[in-house]
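Number of protein chains: 4
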Amino acid sequence: MQSTALEWSVCQWFNTQASPVLSDFKGRVVVVSAFQMLCPGCVAHSIPQLKKLHELSQRIPLTVIGLHTVFEHHQAMQPHALEVFIHEYRLAFPIGVDAYDGKEPLPKTMRDWQMRGTPSTFVFAPNGELRLHEFGALDDMALGVVIGQLLNKT
Amino acid sequence: MQSTALEWSVCQWFNTQASPVLSDFKGRVVVVSAFQMLCPGCVAHSIPQLKKLHELSQRIPLTVIGLHTVFEHHQAMQPHALEVFIHEYRLAFPIGVDAYDGKEPLPKTMRDWQMRGTPSTFVFAPNGELRLHEFGALDDMALGVVIGQLLNKT
Amino acid sequence: MQSTALEWSVCQWFNTQASPVLSDFKGRVVVVSAFQMLCPGCVAHSIPQLKKLHELSQRIPLTVIGLHTVFEHHQAMQPHALEVFIHEYRLAFPIGVDAYDGKEPLPKTMRDWQMRGTPSTFVFAPNGELRLHEFGALDDMALGVVIGQLLNKT
Amino acid sequence: MQSTALEWSVCQWFNTQASPVLSDFKGRVVVVSAFQMLCPGCVAHSIPQLKKLHELSQRIPLTVIGLHTVFEHHQAMQPHALEVFIHEYRLAFPIGVDAYDGKEPLPKTMRDWQMRGTPSTFVFAPNGELRLHEFGALDDMALGVVIGQLLNKT
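Chains as they are written, first to last, in numbering that gives the first Met the number 0: chain A, 0 to 153; chain B, 0 to 153; chain C, 0 to 153; chain D, 0 to 153.
Honestly, the hints are just simulated from the structure, not real lab data.
Treat the numbers as computed from the prediction; the structure is a model and nothing was measured.
Do not rely on the hints blindly, as some may be mistaken.
One copy or two, either will do: identical chains are not told apart, so a pair holds if it fits within one copy or between any two.
[What the hints assert, rightly or not] The list that follows gives simulated cross-link-like pairs (lysine-lysine, DSS-like), each with its CA atoms no further than 27 Å apart: (1) Lys107 <-> Lys50; (2) Lys51 <-> Lys25; (3) Lys51 <-> Lys152.
Okay, chain A solo, but in the shape it has when bound (with noise of 0.2 Å):
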């Protein structure tokens, strides 16, 4: 996997007008997190987490997005259900949707960044270079400190 050269493939943003790539993100550092809504982990642990990032990014050069990587129970977690998530959970961060095509089991981002499930989280440097990629629940302490470390090197 090189890292410079991730690129999500989302068919559906909310929370923006645009369609954002990575790379529009240069000079800043990017924590995405994969998650699924009935994933009870990711409700459980990552969603208040990326509140709790997102809330930090007003203040310093970081931006947050979340991809809500289905790979089981597609029916139950379409875009239509996925944005009464966002409202329920009052999530203002742009949110992607795995692209998914109904052949492959898993979605395209997920094949693409080797994810091993949700949730999973993925920290870029200012300059685009994948820093971190951790499967599961990660600490909040620890996760700002490889933030504040990569703040520096733009």
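Chain A is already provided as a structure; the job is to place chains B, C and D on it using the hints.
Just chains B, C and D, lined up with the frame of chain A:
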């Protein structure tokens, strides 16, 4: 609201082959918890409480019933999506779908039982009388005391 | 251990002018919680639980008694230090200091009541009978059920 | 307050044979956490945070120092009691007792560093400059970001 006449109106059940009615459980304390799968307070508070109640019900004459009382965003919380939710959250107690005809804004049990929203918790005595109707998060200890007090009143 | 004969041995009381004995509370459910002010499990779990019990006791025939059962590090947990702890944690229910003569390794109530350590929780029925003796953290809901069951048995 | 001149005044150390001074740690980020062993907010929030910081310090150039800054109830929080607290809470990082002469109401470091109470957290850059002084609970993620940002500034 004449509590002894209360009966739920359920169009589909999960985790039970039967179509139970409230009066089936005479002689037992019954906790009915009305929730929505995309209601954050329900997921964070009621679901863990229901799992704890269900564990408790293995040792004492207590029956736990979930009621999926959808009163908004119907498209996103249909029974097939609830089935996934039940699977992912590993819920093992009977859960009924509150009957909804698509005409009235609220489902039938919600109207009949005069619920104000979700989560709503109902506790019935072994003689079938309604003894508690609470809207919002309910403290574990306080709920335990109510259940304990009713256990003796067969 | 003949539970009806149980009585605590307290050398000093806080939050009460009287020197209560267990038999004073006939007709009420009594929860006695044995703790040490420098026991991490007691501070994290029992103290919040006791505050919740004390709140509950304003509305139902329940009495909450703390017992400072020091069996190690006696110098660091003397009554004058306990007094500060009670003040800082804003504990308002009666707390007795388990009698310690400096000869035996354990204080007297701890020996008489055969405690294994702290925290230890005891629940007495309104007729004075011991109905629960538990070592370690006790779940709020389970404790609530026990209390509720005993409330009726006057 | 000229931060580069800050130095603690400690009369006794635990978990270290040396008598460290702040300038010993040039080249490392230093977190100093001022607490009192009978301050509920310190015990509930700062102590777990310090344990997490100490774990983190095994992998990055970070030093964690506790400061027992007693400004009330001195009799109940003497060094021999602190020693028991350290043992019971399994704290393994260096903890100094803020110097107290019994005349002034506050201990010396507390006065010199202009603390408003406990908990108080101080973060020093690798060059010794004070970069954060916060009174009250500090969020794990926000603290992590501050530490991360300073790690690069050798």
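Here is what the structure says about each hint:
1. Lys107 <-> Lys50: within (25 Å within a copy, 36 Å between copies)
2. Lys51 <-> Lys25: within (22 Å within a copy, 32 Å between copies)
3. Lys51 <-> Lys152: both (22 Å within a copy, 25 Å between copies)
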